Amino acid sequence: MKSKSKWITVPFAVWVIIFTVVPLVLILFFAFTNEDKIFTINNITHVGKYSSVFVNSLLLSAVATAICLILGYPFAYLISKMPEKVQSIAVILVMLPMLMNFLLRTYAWMTILENNGILNSVLKFFHLPALNLINTKKAVVLGMVYNFLPYMILPIYSVLMKIDKRLIEAAKDLGAGKMKVFSKVIFPLSKPGVVSGVTMVFVPSVSTFVISKMLGGGANILIGDLIEMQFLGNSYNPHLGSAISLILILLVLICIGILNQYDSSLNSKNKSQ
Amino acid sequence: MELFRDIQVLKALFNTVMISVTASILATIIGTLAAVGLRKLRSSLKKAILTVTNLPMVNPEIVTGVSLMLTFISIYNTLGVLKLGMATLTLSHTIFCVPYVILSILPKLEQLNPSLYEAAQDLGCAPVKAFFRVVLPDIMPGILTGMIMAFTLSLDDFIISYFTSGTVMTLPISIYSMTRKGVSPEINALSALLFLVVLVLLLIINLRQSVRENADVVNLR
Numbered sequence: 010m011k012s013k014s015k016w017i018t019v020p021f022a023v024w025v026i027i028f029t030v031v032p033l034v035l036i037l038f039f040a041f042t043n044e045d046k047i048f049t050i051n052n053i054t055h056v057g058k059y060s061s062v063f064v065n066s067l068l069l070s071a072v073a074t075a076i077c078l079i080l081g082y083p084f085a086y087l088i089s090k091m092p093e094k095v096q097s098i099a100v101i102l103v104m105l106p107m108l109m110n111f112l113l114r115t116y117a118w119m120t121i122l123e124n125n126g127i128l129n130s131v132l133k134f135f136h137l138p139a140l141n142l143i144n145t146k147k148a149v150v151l152g153m154v155y156n157f158l159p160y161m162i163l164p165i166y167s168v169l170m171k172i173d174k175r176l177i178e179a180a181k182d183l184g185a186g187k188m189k190v191f192s193k194v195i196f197p198l199s200k201p202g203v204v205s206g207v208t209m210v211f212v213p214s215v216s217t218f219v220i221s222k223m224l225g226g227g228a229n230i231l232i233g234d235l236i237e238m239q240f241l242g243n244s245y246n247p248h249l250g251s252a253i254s255l256i257l258i259l260l261v262l263i264c265i266g267i268l269n270q271y272d273s274s275l276n277s278k279n280k281s282q
Numbered sequence: 003m004e005l006f007r008d009i010q011v012l013k014a015l016f017n018t019v020m021i022s023v024t025a026s027i028l029a030t031i032i033g034t035l036a037a038v039g040l041r042k043l044r045s046s047l048k049k050a051i052l053t054v055t056n057l058p059m060v061n062p063e064i065v066t067g068v069s070l071m072l073t074f075i076s077i078y079n080t081l082g083v084l085k086l087g088m089a090t091l092t093l094s095h096t097i098f099c100v101p102y103v104i105l106s107i108l109p110k111l112e113q114l115n116p117s118l119y120e121a122a123q124d125l126g127c128a129p130v131k132a133f134f135r136v137v138l139p140d141i142m143p144g145i146l147t148g149m150i151m152a153f154t155l156s157l158d159d160f161i162i163s164y165f166t167s168g169t170v171m172t173l174p175i176s177i178y179s180m181t182r183k184g185v186s187p188e189i190n191a192l193s194a195l196l197f198l199v200v201l202v203l204l205l206i207i208n209l210r211q212s213v214r215e216n217a218d219v220v221n222l223r
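Listed in order, the protein sequences are those of chains A and B. The numbers in the first sequence follow the numbering used here, run straight up by one, and end at 282. The numbers in the second sequence follow the numbering used here, run straight up by one, and end at 223.
Okay, chain A solo, but in the shape it has when bound (with noise of 0.2 Å):
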């Protein structure tokens, strides 16, 4: 009889295939043809015209992953060393923002970083120089931390509740000062945390085009705005859109390779010590 519930799965299997293979197998059939559904590279290295676009991209996104990594760690570590009490509503105010639509938490940013927005206004009011932030790089590194921080801080949290506190009693037991037992124990043990952290925040930043064409008006085009516009856009060009779209998935994950790369090297490092 146990054998028999096991069948349940094929028609799941079918699903997933249908559903999640396919879909990613017809990007692949897409980048390699043309609309006559003959093979060609053409379209892949027609995406080499893009390369700055990617670049732009890469940079964006690793500035945006950097300071969330910077602000977050800190963060989630003081949440970490809160009261339990604290630590729950500490974890519900980190969340709260991601209950609002993501669309409109980016159009409120919109209005305070307008030229004539709110923040010029204060600027304004205390005789200060008016900045120019919409439609900026900075206006898009801007966008994505705020929206993304919550995907850093989380993991490195829980993570971080995880370790042991015998081991960093023991750290101390055996001499070592607050860095050491940071920098040789903490920091080690909550690395699972950060690489995950680094993948939430990375992968979205990397491929939005919310945030770069809201913030970034229309002068600062990532991937997904290229890939947008080859799908939904003027360009209609579905066979170089699953091409860039292709290019973005092995980017993508190349980074969560060397990521994991480097998170599995420690902790082998680690067992063999």
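It should be emphasised that the hints constitute simulated quantities derived from the structure, not laboratory data. These numbers come from a predicted model, not from an experiment. Where is the CB? At the ideal position from N, CA and C, for every residue including glycine. Please note that the accuracy of each hint is not assured.
According to the in silico footprint, chain A covers these stretches of chain B (three or more CB under 8 Å from chain A) [to be verified]: (1) 8 to 19; (2) 26 to 38; (3) 173 to 187.
Using the hints provided, position chain B relative to the given structure of chain A.
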């Protein structure tokens, strides 16, 4: 003009709620069956299926959206069914919600005591009845958490909807189309309401699990 916009917003709200309710129920049913079946599989096969299932969680959302759009268009071009619209929206929401449902049920299934199910059958219970009487009540908390998560994810989704909607408007899509000219106050009011709905739902999940476990659930995203 103002009234026309009101009607549009209401229509978008109606579509959003319809899609979220349908997709979260469908995703819960598919996810529950899948989780129950997966548990019985060899661990290597189970791992392989789960890896593929979780691909949409790892992939950039825009890739999932674009790939589903290509699939639906190809299906429409060859079979003449599934034109981009409500059906494809509901289907794609179901697709991206299923992994979250499975991931919230699997841990509950692991904790399940298999002897209970066997005992029920030894006592003369048919397998299906034993499942509904013994297994289902035990994994219910996981199922409900998964369903609430699916509902909130679907309610809030923009990127995947944007590519699979055709001309149908959902609330996030109409917000996006308004951001150029200025978002109407009705949208702000509606969004505040949705914010409260999501907040209440999340508080329910929170009460069901400890906050720490909840941070783990977000971690999976």
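Original post:
Has the region 8 to 19 of chain B got at least three residues whose CB is nearer than 8 Å to a CB belonging to chain A?
Top reply: Violated - the region 8 to 19 of chain B has 0 residues with a Cβ nearer than 8 Å to chain A, which falls short of three.
Original post:
Within the region 173 to 187 of chain B, is the number of residues with a Cβ closer than 8 Å to a Cβ of chain A three or more?
Top reply: holds (count 6)
Original post:
Are there three or more residues in the region 26 to 38 of chain B whose C-beta lies within less than 8 Å of some C-beta in chain A?
Top reply: Satisfied; 4 residues make the cut.
Taken one by one, the earlier hints fail for this structure only at number 1.
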